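Protein sequences appear in the order of chains R and V.
156 is the number that numbering that gives the first Met the number 0 gives to position 157 of the first sequence; each next residue is one higher, with no gaps.
91 is the number that numbering that gives the first Met the number 0 gives to position 92 of the second sequence; each next residue is one higher, with no gaps.
Honestly, I wouldn't trust all of these hints.
Claimed, not checked - Here are the simulated PhoX-like pairs of lysine-lysine, each with C-alpha atoms no more than 25 Å apart in a straight line:
hint : chain 1 : residue 1 : chain 2 : residue 2
1    : R       : K173      : V       : K165
2    : R       : K173      : V       : K63
3    : V       : K63       : V       : K74
4    : R       : K215      : R       : K118
None of these hints come from the bench; they were simulated from the model.
Note that this is a predicted model, so its numbers are computed, not measured.
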Amino acid sequence: MFKAVYNWIDERLDVAPLWRDVADHEVPEHVNPAHHFSAFVYCFGGLTFFITVIQILSGMFLTMYFVPDINNAYASVDYLQHKVAFGGIVRGMHHWGASLVIVMMFLHTLRVFFTGSYKAPREMNWVVGMLIFFVMLGLGFTGYLLPWDNKAYYATKVGMQIAESVPYIGVYLKELMQGGTIVGAQTLTRFFAIHVFFLPGALLALLAGHFFMIRKQGISGPL
Amino acid sequence: MSNHEGQKPVRKEMSRRQFLSYTLGGTTAFMAGGVALPMIRFAVDPLLQKKEESAFIKVTEEAKITNDPVEYKFKIHQVDGWYESEAELVAWISKDANGNIFALSPVCKHLGCTIGWNTENSDQYVCPCHGAHYTRDGKNLSVAPNPLDEYEVKLDGGFIYLGPIKPNTRV
Chain R
0 MFKAVYNWID ERLDVAPLWR DVADHEVPEH VNPAHHFSAF VYCFGGLTFF
50 ITVIQILSGM FLTMYFVPDI NNAYASVDYL QHKVAFGGIV RGMHHWGASL
100 VIVMMFLHTL RVFFTGSYKA PREMNWVVGM LIFFVMLGLG FTGYLLPWDN
150 KAYYATKVGM QIAESVPYIG VYLKELMQGG TIVGAQTLTR FFAIHVFFLP
200 GALLALLAGH FFMIRKQGIS GPL
Chain V
0 MSNHEGQKPV RKEMSRRQFL SYTLGGTTAF MAGGVALPMI RFAVDPLLQK
50 KEESAFIKVT EEAKITNDPV EYKFKIHQVD GWYESEAELV AWISKDANGN
100 IFALSPVCKH LGCTIGWNTE NSDQYVCPCH GAHYTRDGKN LSVAPNPLDE
150 YEVKLDGGFI YLGPIKPNTR V
């Protein structure tokens, strides 16, 4: 059945080269844990991406219940966590996954650093990786405010004070991020928009560049 | 004049290709700007909105103030986007040796906890979070990097009015 459908599409659109281009490539021996167990360190990048996919999916589902409004945000999170079936699981995936992404990304960075994979000709991919790192931190910072509990509120206040300490532009930077003079209604909507639309958009574009460069340049050779 | 006879006048003119690329480039920039500018202005609007001058709020009678700081609560009208509310503020008000009335903000200058007066019977402001201490003028003695902020004080008809917060002027 599946085969028949695939063939029907392939006859018309010749899709085989498309997916071969993406998926069909050899994994060099020195990065394959089946050959050398220590090569598992090469898996951290893929694991980061795997968790990122989980973050995007679980986040999409969370927005089915979440309301980014100061009167309703906490109540909606409380509701989806305690009243909705598997709410604790789905929010748990997003909550714990957020930390795990940072951990995996850090391990991936360490691997790239200690195998010297950032060296020519792969410098640009290191830079893109760093941009991904900052986008991820931004996602963590903006997402932290959304439950609108005391921890979220005061963590954001501290974050705003850090932004304010930037020389010269700090005051304006803070007000721009807050969307006003206090951490309030407009901060929550702003952070929601940044967390759900702006940063994921930037992240996907950077990831595309990251992966394109890996395919173009190949995985760095053994030590 | 006659020197130039036989030479064709050189006209500096743009090639057709260059003219077209300038025109197309300009049009593209104009259209891209038309898309981007409204959105940018939309995003930075809170920065450019007029700030409401925070009004002076009547807090208490002048005669009630002693040399020992006392905590006074008062409400300000707070506009937060589409929400308006009465936000409660706290001030520690006292008189100095010269009889000048001053009001200190209770927000610890270390990490923003709420300080209290004389909670350790040491005639000092103490922060319960990380043990910052301040004198009655708000001078930071330990932990905190800066002295306590002050409210602007206005006296009128025997009443105390408090205005915006400013950096400490007493130490």
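Status of the hints after comparison with the structure:
1. R:K173 x V:K165: With Cα atoms ~18 Å apart, K173 of chain R and K165 of chain V stay inside 25 Å; holds.
2. R:K173 x V:K63: 39 Å, violated
3. V:K63 x V:K74: 19 Å, holds
4. R:K215 x R:K118: 15 Å, holds
Checked against the numbered hints above, the structure breaks only hint 2 and satisfies the rest.
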